[in-house]
Amino acid sequence: MPWIDGPWRDLLELSKRSGPSRQRAGRARHRPAGRRGDLHPQTLSARAGLARCHHAQGRLQEAEAELREVVSMDRVVLGPEHSMTLNALANLGLVLAARGATSEAEACLCEAYETVVRLRGPDHPMARQLQRLPNGCCVQPARSFQSSSGTASKN
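In our numbering, the protein residues as written are 1 to 155.
Computed beta-carbon distance windows for the label pairs: (1) R120 / Q61: 28 to 38 angstroms; (2) P80 / H40: 16 to 26 angstroms; (3) T102 / H40: 25 to 35 angstroms; (4) S83 / C53: 16 to 26 angstroms; (5) H82 / R132: 18 to 28 angstroms; (6) H40 / S103: 29 to 39 angstroms; (7) Q129 / S45: 17 to 27 angstroms.
Rather than coming from a laboratory, the hints here were simulated on the basis of the structure.
We treat Cβ as the ideally placed atom computed from N, Cα and C, and that holds for glycine.
With the hints as constraints, model all of the structure from the sequences given.
Here it is in structure tokens:
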């Protein structure tokens, strides 16, 4: 390309020899070992997704075992108040409810709901989603009350 002179020609030649794909491949080869292991947040997220797939397929025992491990590792790696930990805890509660372990399911759902409300308020989307669940007696809309006629109404 005769119309490119000076430093632009050098830059063009350099980009031809080592394009972006070669640069990325070089970085991947020299990545330190153990950078993305069992305790990496993306690994934990993928395992939580696997548990959701097990739940959707009706493989509740596998989903429960996977989510128990994910919740325990999330609490250590990310902390008990992290959104991924709370999502995994709520999903564990749903799996336990599907398996019939209602008291344990209620404990998981209540812990997730109370933590979300304490940290982010009752109007947070996750708090509202947990309010809509049919199981879990502590997860009730905060704005409902009994009227004098005995029926529940909302503000």
